[in-house]
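Please construct the entire structure, taking both the sequences and the accompanying hints into account.
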Amino acid sequence: MTHLTVDGVTKIFGDPDKDGVVAVDDLDIDVEDGEFLVLLGPSGCGKTTTLRMIGGLETPTSGEIRFDDVVVNDIKARNRDVAMVFQDFALYPHMTVRENLGFGLKREDNGMSTADVNERVEEVATMLEIEQLLNNKPAQLSGGQKQRVALGRAIIREPRLFLFDEPLANLDAKLRKTMRTEIDELQSEVGITSAYVTHNQEEAMTIADKIAVLNDGALQQLGRPEEVFNEPANLFVAQFVGSPDMNIYDGVVEEAADGVRVELDGVSFELPSDALDSEVPPGGVNVGFRPQDFYQTGKRRADGLTFDVDIRVIEPVGTKAIVHGDGPMGDVTAEIGEFHGLSAGDTLSLSIAPEHVYLFDAETEALRKGRRIENRASVQSQSQSSESDGVEI
Amino acid sequence: MSYSKQARGSFESVSERIPEGVKVYLPILPVTALVGLFILYPIAQAIYSSFFNKDLLAPSEAEFIGLANYAEIWSNPTIHQVLWNTLIWVVVGSSAAIVLGFLMGWLLHEKLPYTSVASAIVLIPWVLPRVVGASIWQFMFGGSQGIINELLVQLGVIDEYIVMLGSTELSLWPPIIGMIWRLAPLFALLTLTSLQGIDEHLYEAARMDGATPWEQFRFITIPMMRYNLAIGFLLMLIYNIRNFSMIWVMTKGGPGVSSSTLPVMIYRTAFVDFDVGLASALSLILFIVLLVFSYYYIQVYDQVRGDV
Amino acid sequence: MAAQDPDPTAEFRRNESWLFDTTAGAYVRKTAVALLTLVVFAFVLFPLYWMVVTAFKTTAEIQQIPPTVFPNDFSLEGFRLVVESSIQAGGYTSLFANLFGWQASSAIDIDILSLVLNSLKVAIGAGAIALVFGTAASYVLSRRDFAGKNALMSIFLASLMFPGTAIMVPEWELVSALGLFNTHLVLIFIYGAMTAPFVVWLMKGFFDDFPDSIIEASRIDQCSSIETFWYVIVPMARNSLIASFIFAFLLAWNELVFALTLLDNSRYTVPPGLLTFVQGFNTQWNVVAAASIIISLPVLLGLAYIQRYFVQGLTGGAIKG
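Residue numbers (our numbering), protein chains in the order written: chain A, 1 to 393; chain B, 1 to 308; chain C, 1 to 321.
Label-pair ranges, simulated between beta-carbon atoms:
| # | chain 1 | residue 1 | chain 2 | residue 2 | range |
| --- | --- | --- | --- | --- | --- |
| 1 | C | G25 | B | L87 | 38 to 44 Å |
| 2 | A | N110 | B | E169 | 55 to 61 Å |
| 3 | B | S75 | C | V52 | 45 to 51 Å |
| 4 | C | L19 | B | S116 | 28 to 34 Å |
| 5 | C | G25 | A | N110 | 20 to 26 Å |
| 6 | B | E169 | C | A42 | 23 to 29 Å |
| 7 | B | P77 | A | A115 | 58 to 64 Å |
| 8 | C | L301 | B | I222 | 35 to 41 Å |
| 9 | B | Y25 | A | S243 | 54 to 60 Å |
If you are wondering where the hints come from, they were derived from the structure by calculation, not from laboratory data.
Values in this document were obtained by computation on a predicted structure and should not be read as measured data.
Just so it is clear, CB atoms sit at the ideal spot from N, CA and C, and this is done for glycine as well.
Structure, rendered in structure tokens:
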């Protein structure tokens, strides 16, 4: 049970004074006891380096990593009492599953006898339903079984922290979903603080208590999944989170009688002041629409932006469909429910409610207006503090 | 691609006339014939010759003498000394080369920069022409101007220069040292290659599991390398037992047979004493030992392929 | 105060060990490693250094007792004597005297040039045989299954262990019976036989990893198996083939036992030639060292190229680099 703090941590590979590469840049993250943190970002954003610094596999160039307010920068990995699940599982190929699971326990100064270790191994194996595999070697296991052993090796020691380095990347899509749920359940069960690295935003959204979005080594936003989705700190976060990608258009904000007026190529619409949380100054903006927020005109309410789209492609996904088409302001991607009877070449009228529109500053790309959700109060402070971190890049 | 239709036609017409079952064996035939004639057949020839009293210069006057050559080996104290020398040579030479080579490979991998350049330099003793390497050591061990004599005097081990290569008591050791020098780099390269093949994540996982550097070495490095080490071990034995050049260049196996091992003895018996029969019988002993080593080599090799 | 305020990281430090986690321990480890490195690499490198240094000493300095660790003055005398004696032995003395007005006069009799030419002939021939025969066989052994395949591969692997001293006597008998004694041709065959199994193993490893899809694509492009082999696979295998050739070449370049027993000194290759020279003139160590350096150069160049294939070749591909 550990309260993890990453405080102003920078990691530079190579010579910091010459051509060193900045992998992580002045990162602040705070993870409460028992929380599940997901480090999310594109490859090369520094998320794995951050995880490795937490685990003690890399040393920060500057800044502090604290476990329960104790600085652990100079504590070696083997003394930190953390457990890690690797992307390639890193099971010891020459040991049986039993030996793999017991290896860490035997290293610990815990006064356990061989029998105690064995008992504990079997307990964990039963929990993960791999008890019949205990005498096999890793080469004889399937991907999912290896994943379970790797998880088992982590939980068996009841460490201070769980670290996961893209643990699901090597599994097939179906197994990935099952294991995702299992990891989530397991973590809630044992209640051990966890940090989890992934580049898959869907995985992050489903599994995380808290997401840290990273890009180019810098923190873009730290928040709960719904905050990251609804109140993305900047354009980068907005585009990285959510699938299909958010529609982004160049626009201009002008003052209007009540609230503001947003001009896009060929269309314009008003945002009444009760849809805005803070004042939006006039000037250039990036306007964002989530594909899920569009609805077919007339199906719901009448206010907000309405425009016509010439359908190019319809991709049915079960009960919904992703529609790609040309709108007056450019390419439009929308996710709609009632697509039967529509086909390529048809014209579709789409609307979007004012509270669902995202606005970003054209220059700083910082959020000007997020997607309205019910409970705003706590979100407000979070997103503002992370904005100041993110917008500089 | 620039091939003519003509050529294609002739390939086809020839290959069509040969039945499929035979065709598979055709490309294998030349190698098999070559190996069969120049490597396997001589072994059979050696078995046959070992039952004869045969003079190298007058092979037609060979006389069948049954197991007399083997009886000679059984009873001749000179040959016993040679076999004893061979055993010392193989045990001492191999174990020293393994320890030294492992250290070198480990240092190259873990502790030293420019690994690929350094390993190429370290490998030079192994690839240098055998005669060249051996001559250097002969020079260094020389009794009158040898640098090793000078070194030992400086270190206070001996008072004045001594003749090492011509001494009955000492002459076995200089060639062994030369051979360790030649073989250790090979073992170092095998070690380095297998160390580089170990997934770095395994060490990280072990560090997370609380293993000290020593425990990482003991529980990850050594077990992960066990087959490669076994192959290296067998190669060391094989190269040591069949070595000829290091001894022949430095001491010619002498004085007497004090520095002779089995291969040198075979050469002397056949090409100095002209006794082909006895030399063949000795060859057969060497052959059987090598066969045993090869058997284990193939066993380990199959395990490597089966296991990984 | 200190007693009431213990090191907050103490809990983490429970498992620490003196050797690995203290500054003193680190010094001990570093010193040990540095000493080891020094001793081990001095052992490996000093003889090489000694060869080079000796080659650049004068004949007078060579005779000095105790020997000098650094040459007093750098001299090319050793190399000059090697070149001169080659010219002399090759019968070019008058040619050089006429052309350059330079009178080669050497008391030393080593014809490096003809030794090198003999060795080149044998090594290239053996390399070619091993390469062609070995590659053809390895392709079939990799692509097809047939009775006795594993046994054959094992025989090839085992045959790598025997050559040289174990079979020199029967080999001599065989060569005499064939009437090929004192010919370079027979050495080419023997060295080919010694190295072809290497090539088989090395190339089989290559073909085993070769993607089937490329072969299928060439089939669709109407290549026969031989055409596929020649026009598609061989170009892709270029690096492995070059490595195989160099491997065979180096073995032939270095081999002593068969060259010594199956040739007369008139046709000697480099190893027995150098051996005779060393034994005849082992007071002129500067000349020996100079000659050694000259004949070692091709080997070192070859090594630089095939280094990364080296382990695979030696172990029949069991250890991959």
